Amino acid sequence: MALQLRRNVDFTKGNIFKSLLLFAIPIMLGEVFQNLYHSTDSVVLGNFAGDSALAAVSVCSTLTNLLIGFCNGMSVGSTVVVAKAFGAGDKAKLDDSIKYTYSFGVMLGAVFSVIGILIAPLLLRVVNVNEDIYANALAYLRIYIAGMIFTVVYNNSAGILRGLGDMHTPFIILLISCSLNILLDLLFCAVFNWGISGVAWATVLAQVVSVGISWYVIRKRMGVKCFALIDTIKNGRPVIAETLDVGIAAGIQSSIISFSNLFVWRYINRFSTAVVAGAGIGQRIDKFVSLPTTSFGTAITTFAGQNLGAGNRKRVREGIKDAMILSIGITLALGLVIFPCAQYIAAFFNRSPEVIASAVSMTRIMIPLYFVNSIRQILVGVLRAFKKSRLATAATLGGMVVMRQIYLAISMSIVSDVRLVYWGYPIGWIFSLLFTGICYLANRKRMLQLN
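Residue 451 is where the sequence shown ends in the working numbering, and the numbering goes up by one at each step.
No wet-lab data here; the hints were simulated from the structure.
Quick caveat, the model's predicted, so the values are computed rather than measured.
Note that beta-carbon positions come from the ideal geometry of N, C-alpha and C, so glycine has one too.
Any given hint could turn out to be false.
In silico lysine-lysine, BS3-like type, Cα no more than 25 angstroms apart, as pairs [to be verified]:
(1) 84 with 225
(2) 225 with 91
(3) 91 with 287
(4) 84 with 220
Distance windows between CB atoms, simulated [stated by the list, open to error]:
(5) 171 with 337: 21 to 27 angstroms
(6) 417 with 179: 39 to 45 angstroms
(7) 93 with 438: 41 to 47 angstroms
Work out the full structure: start from the sequences and follow the hints.
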């Protein structure tokens, strides 16, 4: 076969602490560039297009993060289907799996784009967008969603490559795309003065390049025709069904956090444009501080899964402890750096004192309690490894949606203060940890076979 699997991480032996760290570092690096990709829009708009444009893209990011999260989850379906065919050594089945999952990604992306353009005004009403930024937000969202077909196809292509054992190529493509997005943002916004529309088009064009490179790599490496619409409609249903079976569940899991944030932004959007813009900056900073949390959550899922398969549950217990230490330790270290520097980081996005004050307030409320989310993510990762994903999802929804919404409804009916809205984030984490902890403790003895 043309492609051989790259060396995988074996979590069933060796130093646990070192293995978890080495596994999580590439994930964190990938997330850093993914966040840079989206943060560039905010930096360029905040410096060259003003508070209104920055606030508009901040509001839209809540909606686009939801869509991206679902697309990332759906790509897991392609990874699983392709990986199974690859592992079986069946070249014909592998070619069909690649062809049908790729073609399905194109069809799904087209549907997302068409429907998204039509319902864009409704989506903005859902998050209660201020009238003074509505026009900018609608322009950005429609262009961005029009390009969702390329986002879906690229994520699907990256999923196919991961299914073939290649984690390296998607990362390289992401680097290229991120670099191009930065250059196009500066060209369209700073030089051509296209404002928020220019930033949106820069994102879409960068995704087009990502699709082109990934298509070329898959086609050249595997020698298979990637897009075959008629063949997929006629013969691809079993592959598509299997892709959806895994992908929909993973998509829902990946978009839960973004879904919970929609409710928070309904309250943030009640305040001034500058406050909204500052909250958007705070959200960008949050993405970087939370990198260890999500990365070690992924690492412990893989670690626990491998050792569960090897029948070594004692090693799982040790891995949970080490993952907690690493996640909390690195998160606290990042927090200690960012907390005192918050206003300088915010000023990099925008110079307005009111915008900076809003961003700093949000950041400094959230940072001291990030360790709560670190613990929660590790426990969620363990539950997923032991096929308790539904419990993990229910606990997350209960804390980050239900209890957070109850808190916001009560607090904002008493005093209209955006700081109370920002407190909704850590309060949601605390309740989610409480619910997740109950689920974990109720199943811990059985999962880890404790006496």
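Notebook entry, point to check: If you check each hint against the structure, which ones fail?
Noted result: Failing hint: just 3.
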